[in-house]
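Chemist: Sequence:
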Amino acid sequence: MSIKDNKSKKASRIIESFNHSIDGIIETIRSESHMRFHIFTAIIIIILAMLFDVTKAELLILILTVSLVFITEIINTSIERTVDLVTEKKNPLAKIAKDSAAGAVMIAAISSLLVGYIIFFDRILKFVVTTHHIATLTGRISNISLLVIALLCIIVVSVKAIYKKGTALEGGMPSGHATLASSFVVIITFMTTDIRVILMALVLYLLVCQSRIKAGIHTFKEVLVGSIIGFSITYIIFLVLIKLGRIF
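According to this note's numbering, the sequence shown holds residues -18 to 229 in order.
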């Protein structure tokens, strides 16, 4: 076996591992209403982080807290399924296992509420009481772009969970690659007025879309829907932030 074949197999195994991992997340979203609520909450948190003056340290705490809630919910789901697989009868030990896992989720959820309260409450109160415009945003386009990309990833994974087609990284509705590529075009458009840079970004976006369709990974409709999601959400967010405050 050649070195090239070995590298190809290793790359294939890595992609397969990522697919299985994201499939686990998608399956949890499909089967658990609590996970869908956590997804909705995460979207709200991302929007609030973009609107208010969140420091890098606070942003890091938010990311870790939200991740902890997701992680505990996924572990809780896996424990519940494992217990159901082992025994169908009522068993005190099985009850303890399920209740303990649910307790871990509750602790993570309460912690996230406290973190959200500490970070956002004063800012929201000041905005509501003074009816003041939001003068300072997360600020730098790089920070806002990161939040937009995170939001789009959550939306794409959630929609794929609904359509139940393809794998997490290949195929399915919508095309995640087209979603992110179109979002990058909008972000770059807001970052620079140099038409050459914008055109190069647009060409790269078109190449991404063309490659997904030509390889048979996505249909034209899936790529189109992904592009619309990426373009529209990113454009609306940046437009609203510019109207409300200033991005630098």
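Derived by calculation from the structure, the hints in this document are not laboratory data. A hint or two may mislead.
With a straight-line Cα cutoff of 27 Å, these simulated DSS-like cross-link-like pairs (lysine-lysine) come out [to be verified]:
1) LYS107 <-> LYS(-9)
2) LYS107 <-> LYS37
3) LYS145 <-> LYS224
4) LYS146 <-> LYS195
5) LYS146 <-> LYS(-9)
Chemist: For every hint, state whether the structure bears it out.
Modeler: Quick rundown of the hints versus the structure:
1. The straight-line distance between the Cα atoms of LYS107 and LYS(-9) is roughly 54 Å, outside the 27 Å bound, and the hint therefore fails.
2. With a CA separation close to 21 Å, the supplied pair LYS107 and LYS37 stays within the 27 Å bound.
3. Of the supplied pair hints, the one linking LYS145 and LYS224 is violated, its CA atoms being roughly 38 Å apart against a limit of 27 Å.
4. Using a Cα cut-off of 27 Å, the hinted pair LYS146 and LYS195 holds, with the two alpha carbons roughly 18 Å apart.
5. For the hint pairing LYS146 with LYS(-9), the CA-to-CA distance comes to about 25 Å; that is within 27 Å, so the pair holds.
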